[in-house]
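Student: Take these sequences, add in the hints, and give me the full structure.
Order-wise, the sequence lines are chains H and L. If you're matching positions, the first sequence starts at 1 in UniProt numbering and goes up one per residue. If you're matching positions, the second sequence starts at 1 in UniProt numbering and goes up one per residue.
Hints listed in this document are in silico derivations from the structure and should not be mistaken for laboratory results. Heads up, some of the hints might be wrong.
For chains that are exact copies, the list does not tell them apart, and a pair is met inside one copy or across any two.
[What the hints assert, rightly or not] Listed below are the simulated DSSO-like cross-link pairs for lysine-lysine, each with C-alpha atoms no more than 27 Å apart in a straight line:
1) Lys125 / Lys5
2) Lys59 / Lys178
3) Lys207 / Lys42
4) Lys167 / Lys75
5) Lys107 / Lys146
6) Lys75 / Lys125
From a predicted model like this one, the values you see are computed outputs, not experimental measurements.
There are 2 protein chains.
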Amino acid sequence: MPRYKAVISYDGTNYAGFQVQNNAHTIQAEIENTLRRINGGKSITIHPSGRTDSGVHAKGQVIHFDYPHERDGEKFRFALDTQTPADICFQSVEQVDDEFHARYLAKEKIYHYHVDLGQSPDPFKRLYSAHYRYQPDLEIMRQAAKYIEGEHDFSVFCATGSAVQDKTRTVHEVTIEKVSETELVFIFRGNGFLYKMVRMLVGTLLKIGNGQLPVDAIEKALLNQDKKMTGPTAHPEGLFLMNVSYK
Amino acid sequence: MPRYKAVISYDGTNYAGFQVQNNAHTIQAEIENTLRRINGGKSITIHPSGRTDSGVHAKGQVIHFDYPHERDGEKFRFALDTQTPADICFQSVEQVDDEFHARYLAKEKIYHYHVDLGQSPDPFKRLYSAHYRYQPDLEIMRQAAKYIEGEHDFSVFCATGSAVQDKTRTVHEVTIEKVSETELVFIFRGNGFLYKMVRMLVGTLLKIGNGQLPVDAIEKALLNQDKKMTGPTAHPEGLFLMNVSYK
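Tutor: Encoded structure:
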């Protein structure tokens with residue numbers, strides 16, 4: 001059966017995350033419902049590069065699925081884009097080798113996390129960034145972020161509820177950019193991220209930037225798996241899965 | 001009684017417009033409910049520079065109201081900002097002369113209208129721009145927009161349902177900017193705008209840019225009050241009231 005790869009974006013605001021759950025409104029359920037309609041009522045399962053949580057957004061999520069007909073990529077994209085809700089967008093669809101797997105073959109993922117530092121929360125950013133009242137020290141956060149880079153056992157930055165056994169991941173780069181007077185973006189590039197790992201790292205970096213944890217807190221947290229050296233999990237609405245690349 | 005002027009922004013997505021209506025969720029009702037709570041249960045009426053329609057946004061709407069106590073501007077702003085919903089923001093509050101009137105003394109208003117020209121509608125712009133599938137001719141629209149500038153009777157660009165008698169307005173400037181590969185912004189500066197006037201002008205400019213109306217359609221529409229020379233009313237979600245200035 002032909003296998004297809006699709007790059008999709010979605011506004012996660014109105015969804016209980018990516019993965020199908022009983023009675024919940026999810027991205028996967030919307031897309032699978034659309035595929036079933038297009039496929040004459042027969043079910044099709046989609047496989048993402050990884051799940052995203054409730055309220056988390058994507059601008060470059062990748063999925064694959066098997067569909068029993070040969071379809072022109074652009075026509076298939078257009079059909080899926082127009083038949084899914086307005087908060088889900090199909091950017092591209094292409095037929096791929098049937099060895100392709102959106103999760104197992106992912107080489108690198110990029111996440112962005114947006115923080116609104118304005119005096120009052122901006123109504124137009126409230127669904128797409130997390131608001132912080134204080135001004136964190138950018139240079140201190142950049143120093144602290146260096147301890148994240150490299151291969152580490154990130155167990156202390158993995159929320160409970162994960163079934164993953166091996167919690168070693170390699171983070172290629174963490175950068176923090178001030179994109180305007182009132183907006184910060186944290187950029188994470190790595191070979192994979194554990195459940196809520198990016199949000200726990202952002203919460204820890206902000207607490208370091210606010211002087212409530214030492215600059216080497218992340219080094220200590222990783223060395224000793226010390227929860228006391230970590231901050232709270234940052235809110236979901238600031239997080240975007242931007243890109244997934246493949247071998 | 002002390003009079004206060006406030007600059008507010010709001011995401012109009014979830015509101016049936018600005019003005020109080022029976023059983024409808026409106027910006028005015030939310031703000032007046034908040035003021036009544038702060039004022040020990042006694043009603044306070046707010047007066048905007050002008051109404052905005054259902055789904056229309058504001059980044060610089062101005063209101064005034066009379067409140068029976070002297071309040072420090074920043075403390076009052078903070079109280080109102082935190083007690084109104086997250087999609088309404090109080091940017092500033094200051095006590096003003098009791099001659100001040102948000103509507104009668106407005107000298108100039110600036111509106112922006114955002115158009116998403118992407119291949120598929122961007123999920124993150126869907127609430128804040130109107131999507132157009134075709135690529136309108138920017139230069140032709142800029143020529144056509146020149147006919148809007150100046151003092152004109154804009155009756156043909158006023159939706160029915162307006163109680164306004166004098167439909168003469170002066171538009172100081174119309175500019176059209178391509179802010180990215182896939183986004184246009186129409187910018188209108190004028191001494192006032194009639195009911196749905198900006199959206200009718202944008203709908204007409206896009207139809208001219210698409211070759212379905214001649215470049216001088218707006219001149220003809222204004223000269224002869226000719227409805228056939230106008231386009232459809234553009235969707236509300238692309239429109240932002242950006243600024244109101246006073247004498």
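Student: If a hint holds in the structure, say so; if it does not, say that too.
Tutor: Verification of the supplied hints:
In the homo-oligomer, the alpha carbons of lysine 125 and lysine 5 lie at most 27 Å apart only across protomers (25 Å), although the nearest pairing inside one protomer, at 31 Å, exceeds that limit. With identical chains, the CA atoms of lysine 59 and lysine 178 are at most 27 Å apart both within one copy (20 Å) and between copies (22 Å). In this homomeric assembly, lysine 207 and lysine 42 never come within 27 Å of each other (Cα to Cα): the closest approach is 49 Å inside a single copy and 42 Å across copies. Within a single copy, lysine 167 and lysine 75 get their C-alpha atoms no closer than 40 Å, and across copies no closer than 48 Å, so neither meets the 27 Å cut-off.
In this assembly of identical chains, lysine 107 and lysine 146 lie within 27 Å of each other by CA distance solely inside one copy; the values are 21 Å within and 53 Å between copies. With identical chains, the CA atoms of lysine 75 and lysine 125 are at most 27 Å apart between copies only, with a shortest distance of 23 Å across copies and 33 Å within one.
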